[in-house]
Amino acid sequence: MTREVRERAFEPFFSTKGKEGTGLGLASVYGIVEQIGGHIWLSTEPGRGTTFNIYLREVAGAASEPDTPAASVARRPLNILLVEDQDAERELALATLEGAGHTVVAASSGELALVHIAAASRMIDVVVTDLMLPGISGLELAQQAREARPGLSTVVMTGYAGGRADQPDDTPRELTFLTKPFRMRALLDAVDNAFARRPR
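Quick note on numbering: the numbering used here labels position 64 of the sequence shown as 86, and the sequence is numbered without any gaps.
These are calculated hints, taken from the structure and not from any lab test. Each residue gets a CB set at the ideal place from its N, CA and C atoms; glycine is no exception. Keep in mind that the hints are not guaranteed to be accurate.
[Unchecked claim] Pairwise CB distance ranges, derived in the manner of DEER restraints: (1) Asn215 with Ile54: 20 to 28 Å; (2) Ala117 with Glu56: 19 to 27 Å; (3) Gly71 with Met145: 23 to 31 Å; (4) Ala170 with Arg79: 42 to 50 Å.
Construct the complete structure from the given sequences, taking the supplied hints into account.
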């Protein structure tokens, strides 16, 4: 990285990818590390690569139960459409949802998600989408999904500071917001809540 890029690497929504990049990947990592009392150190040199060192505090005592997909299996199996353009985040969410017994179809953009919705032979129970996507946004996807399948519930994952986790009164009933960073159990809870909130 150049010096200018390095100085802004952890800045939310800063990206070197132009319109295709959301600039939330490193910002989310930084937020998670700082939230648990750790530190992240970046060393880089143009033409030679970049290294990230993460330092976490040592904690004495017995380890707590890991937050893994297998820890939350006793849930109603649902058909879920997962929409996330970041490969690593999509794979983690996919493993979590499938580990809980859900059937999941994954898409990397809102446009692909709408194709799945139009072509789906079985009912989709919940859409789980990132807010910032290439092309149409997560909110636009949620609106078009409701128009195509009235009553379809959507979980919108957002990295905005503060998010919309408080569920304002004017939020459509079909929308559930989940603020990044979140624990995997929070994702499973959000899916359950979104399904329960769907219009009857």
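Tested hints:
1. Distance hint check: the CB atoms of Asn215 and Ile54 are about 23 Å apart, consistent with the given range 20 to 28 Å.
2. Roughly 25 Å separates the CB atoms of Ala117 and Glu56, a value that falls within the hinted 19 to 27 Å.
3. The beta-carbon spacing between Gly71 and Met145, approximately 47 Å, falls outside the hinted interval of 23 to 31 Å.
4. The hinted range of 42 to 50 Å is satisfied by Ala170 and Arg79, whose Cβ atoms lie roughly 48 Å apart.
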